[in-house]
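Since the structure of chain A is provided, determine the placement of chain B on it from the hints.
2 protein chains.
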Amino acid sequence: MNTKKLQIGLFGFGTVGNGLYDVLKRIESSNVEIRRICVRDINKPRTVKALFTDNADEIFSDPEINFIVELIDDADAAYDIVKRALMKRLPVVSGNKKMLARHIEELIDLQRQYNTALLYDASACGSIPVIRNLEEYYDNDLLTSVKGILNGSSNFILSKIFNEKMSYPAALKLAQDLGFAESNPSLDIDGWDSLFKLIIITVHAFGLYVAPEQIFTYGISNMNDDDIRFATEKERRFKLIGHVEKIDGNRLIMSVMPQLISREKYIYSVEDEFNGVVIKGLFYDKQFMFGRGAGGYPTGSAVLSDITACLYNYKYEYKKRNDSQLPTYTTDHSFRVYYRYTDAEDLALVHFDSISESYISDTNKYVIGYVSLSELHRVQEELRHRNVFIAAYPRD
Amino acid sequence: MNTKKLQIGLFGFGTVGNGLYDVLKRIESSNVEIRRICVRDINKPRTVKALFTDNADEIFSDPEINFIVELIDDADAAYDIVKRALMKRLPVVSGNKKMLARHIEELIDLQRQYNTALLYDASACGSIPVIRNLEEYYDNDLLTSVKGILNGSSNFILSKIFNEKMSYPAALKLAQDLGFAESNPSLDIDGWDSLFKLIIITVHAFGLYVAPEQIFTYGISNMNDDDIRFATEKERRFKLIGHVEKIDGNRLIMSVMPQLISREKYIYSVEDEFNGVVIKGLFYDKQFMFGRGAGGYPTGSAVLSDITACLYNYKYEYKKRNDSQLPTYTTDHSFRVYYRYTDAEDLALVHFDSISESYISDTNKYVIGYVSLSELHRVQEELRHRNVFIAAYPRD
Chain A
120 MNTKKLQIGL FGFGTVGNGL YDVLKRIESS NVEIRRICVR DINKPRTVKA
170 LFTDNADEIF SDPEINFIVE LIDDADAAYD IVKRALMKRL PVVSGNKKML
220 ARHIEELIDL QRQYNTALLY DASACGSIPV IRNLEEYYDN DLLTSVKGIL
270 NGSSNFILSK IFNEKMSYPA ALKLAQDLGF AESNPSLDID GWDSLFKLII
320 ITVHAFGLYV APEQIFTYGI SNMNDDDIRF ATEKERRFKL IGHVEKIDGN
370 RLIMSVMPQL ISREKYIYSV EDEFNGVVIK GLFYDKQFMF GRGAGGYPTG
420 SAVLSDITAC LYNYKYEYKK RNDSQLPTYT TDHSFRVYYR YTDAEDLALV
470 HFDSISESYI SDTNKYVIGY VSLSELHRVQ EELRHRNVFI AAYPRD
Chain B
120 MNTKKLQIGL FGFGTVGNGL YDVLKRIESS NVEIRRICVR DINKPRTVKA
170 LFTDNADEIF SDPEINFIVE LIDDADAAYD IVKRALMKRL PVVSGNKKML
220 ARHIEELIDL QRQYNTALLY DASACGSIPV IRNLEEYYDN DLLTSVKGIL
270 NGSSNFILSK IFNEKMSYPA ALKLAQDLGF AESNPSLDID GWDSLFKLII
320 ITVHAFGLYV APEQIFTYGI SNMNDDDIRF ATEKERRFKL IGHVEKIDGN
370 RLIMSVMPQL ISREKYIYSV EDEFNGVVIK GLFYDKQFMF GRGAGGYPTG
420 SAVLSDITAC LYNYKYEYKK RNDSQLPTYT TDHSFRVYYR YTDAEDLALV
470 HFDSISESYI SDTNKYVIGY VSLSELHRVQ EELRHRNVFI AAYPRD
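Read top to bottom, the protein sequences are chains A and B.
For the first sequence, the working numbering gives the first residue as 120, with consecutive numbering after it.
For the second sequence, the working numbering gives the first residue as 120, with consecutive numbering after it.
Only chain A is shown next, with the shape it has when bound in the complex:
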């Protein structure tokens, strides 16, 4: 154990930063103290008494500060902070998924080069220690897939819609009021937040980095009442699922999209802002981890776990990156989908391998068929802007 007291320079004082502050105050740790907090707007009235600054240099030039925690929204600024910290050999905890999903390879190299730790378990699935488990416990050779509800806010919205028949805008507003939603709601509901987490998870699960723009990503914002009725009739629910799976020939598929989940699945019962991850492997079959994925206190306590790990000199080893047989990424994989559309042009947009069911009424049209990830990826932007909705519809 590192017996040196951690004097933290904290960047950002939003929901999670405030949560961390409260958690630290509550446990009265003698090893960890927030020494200075850098915020964008120093004139904003705040209820806590602390040394606020709006100048990052004041943190980096303070000789007492020996630890950086970065909990800001702005991915570019977060990147600068984390990079600067590593290059000054200051251990750093980051919660910025977007930044990590873009720069993780460089940040892995910087950690090696400067022999300093960057931890970010709090960035994926809030309080669930999914990254550290993938890193430490699930052997690459045995692991076959990781799949789950990675975004608390969109899941909260889906829960309110399916359980309480709440309207979409009302559910979104409630999520924002409760502090679950990102400041830009598109990050949650269009799947971007799930995508960033999926990329980070995949680095630790399979050793492979895949850039965000290479992965089919589609959210729940186009879902309408007909879609909800369809799911309910089939005794299923839509859940927004991030998914990475090793298929034949050591190839990896990845996607973020809604999926029609049947009652028997553990993920069906993951409600509200909770996250749930199913890890499958050759010999242990399936494992399920479940916990709060959003909110200041759960995420704040996850940040504290990262900080405590640093006190014990813990680092990610990125073991699977060293594997001689890294899998290759592919979008050459077809699967069954539900595709609700408005007119013939919408249907012609996507090339289906096959269509097994086709429904047309005065007000509602859909098909069920097989389509490839590469095809969906090709029309991703177009899908988002039309009055269509697509969801994976596994046979189970």
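Read the hints as simulated data drawn from the structure, not as lab findings.
Treat the hints loosely; a few may be bogus.
Since the list gives no way to pick one copy over another, a pair counts as held whenever it fits inside one copy or between any two copies.
Said to hold, decoys possible - Lysine-lysine pairs mimicking PhoX-like chemistry, simulated, CA-CA at most 25 Å apart: (1) LYS384 with LYS405; (2) LYS365 with LYS144; (3) LYS279 with LYS292; (4) LYS438 with LYS144; (5) LYS405 with LYS144; (6) LYS279 with LYS405; (7) LYS279 with LYS384; (8) LYS144 with LYS399; (9) LYS123 with LYS434; (10) LYS434 with LYS207; (11) LYS438 with LYS202.
Source: prediction; values computed, not measured.
This is chain B only, laid out in the frame that chain A set:
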């Protein structure tokens, strides 16, 4: 990473030992090899070709063997093997819960003294990495309780009874045929196996060691058709639950006993040989981990995870044992129970704080009331030998 190849001396070749052998063969690891296997009966016909011996000395005197894996039933022999390995500075993985639950304090000291690792994640909850997570991730100050289905075999039996109306003996036989049950079924169904795991979990969750005989332990072997009917009428199921919880004043309560679980609880849906653990904390609320808790392959792959961790020089740090404010163990805590009995003498056996419901028919009698852990602990042996059945019955 330790680049030295692991040459394993394996003790025991039952379900788990065989599972480990198959898993290793399947992944064709170049870093790990089973060099020699010590078994009790060397003349037993075996399907695998390996260097078998019935003499432990042949393993300990082999200069090529640099790693010990102990997967035998006999707790006393397991203790000797693990102790001998540590004193020879050989890292060792053990799956013997009973031995660990008895000797863990001494084995912690030996690890320190000889600077050698003993890992045993596979010993509690098979493939679920519960010990490592409690050790590494869940900060003591924030953790309030750990509760779960810790024994796959008894849960398999309960599942078959509640879902498939199977008889108790038929369900037990099926569990044994499938290799889920310990060779002595009392270990599973009377709660002992759960107890040993609970003791190990508590050391890593709260830093405190409590000896087996201090903890109220009661299994499912007295459960009859009236009990099953009662549970079903209340829309609940009996689950055998190991439970440790921090109550007011930094005191810990512990128990192993059946509990009437309602549908809303995650644990309700943990079926068959699966295990499920709910971890609760101040700020993250609850987390749930679920996976296969028994069987050769899942447990064998958990043993492999321990072995891989050793390759990366991982050790349990027993961080929470160093806490200056360790909790104290208490049985001074009352809770609501269902108590089915046969005659007045059975009822007089236990002193209830209060009784809120009392039912008597020609064939069946029960009360619902509050009773303390200390009282149950006092009559533990007597309870087991009478025609009574007791289960926790929380209001929820």
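### Query
Between copies, within a copy, both or neither: which fits LYS123 and LYS434 at Cα up to 25 Å?
Classified as both: same-chain Cα gap 17 Å, cross-chain 21 Å, threshold 25 Å.
### Task
Could you place LYS279 and LYS405 in one of the four classes (within, between, both, neither) given a Cα distance threshold of 25 Å?
Between copies only: 20 Å across, 28 Å inside.
### Task
Up to 25 Å between alpha-carbons, please classify LYS279 paired with LYS384: within, between, both or neither.
both (19 Å within a copy, 19 Å between copies)
### Message
Treating 25 Å as the Cα threshold, decide for LYS438 and LYS144: within, between, both or neither.
### Response
Between. Shortest inter-copy distance 21 Å satisfies the 25 Å Cα cut-off; intra-copy 35 Å does not.
### Message
As a check of your reading, is LYS438 near LYS202 (CA-CA no more than 25 Å) within one copy, between copies, both or neither?
### Response
The answer is within: 22 Å in one copy meets 25 Å, while 31 Å across copies does not.
### Query
Which holds for LYS144 with LYS399 at a C-alpha limit of 25 Å: within a copy, between copies, both or neither?
between (38 Å within a copy, 20 Å between copies)
### Task
Go through the copies and call it for LYS365 and LYS144: within, between, both or neither, with a Cα cutoff of 25 Å.
between (44 Å within a copy, 20 Å between copies)
### Task
If the cutoff is 25 Å on CA atoms, where do LYS384 and LYS405 land: within, between, both or neither? Let me know, please.
Result: close both inside a copy and across copies, 11 Å intra and 20 Å inter.
### Query
Which holds for LYS434 with LYS207 at a C-alpha limit of 25 Å: within a copy, between copies, both or neither?
within (17 Å within a copy, 29 Å between copies)
### Up to 25 Å CA-CA - LYS144 versus LYS405, copy category
Intra 38 Å, inter 21 Å, cutoff 25 Å: inter-copy only.
### Query
For LYS279 vs LYS292, is the C-alpha pair at or below 25 Å within one copy, between two copies, both, or neither?
within (11 Å within a copy, 45 Å between copies)
The structure fails none of the hints (numbered hints given earlier).
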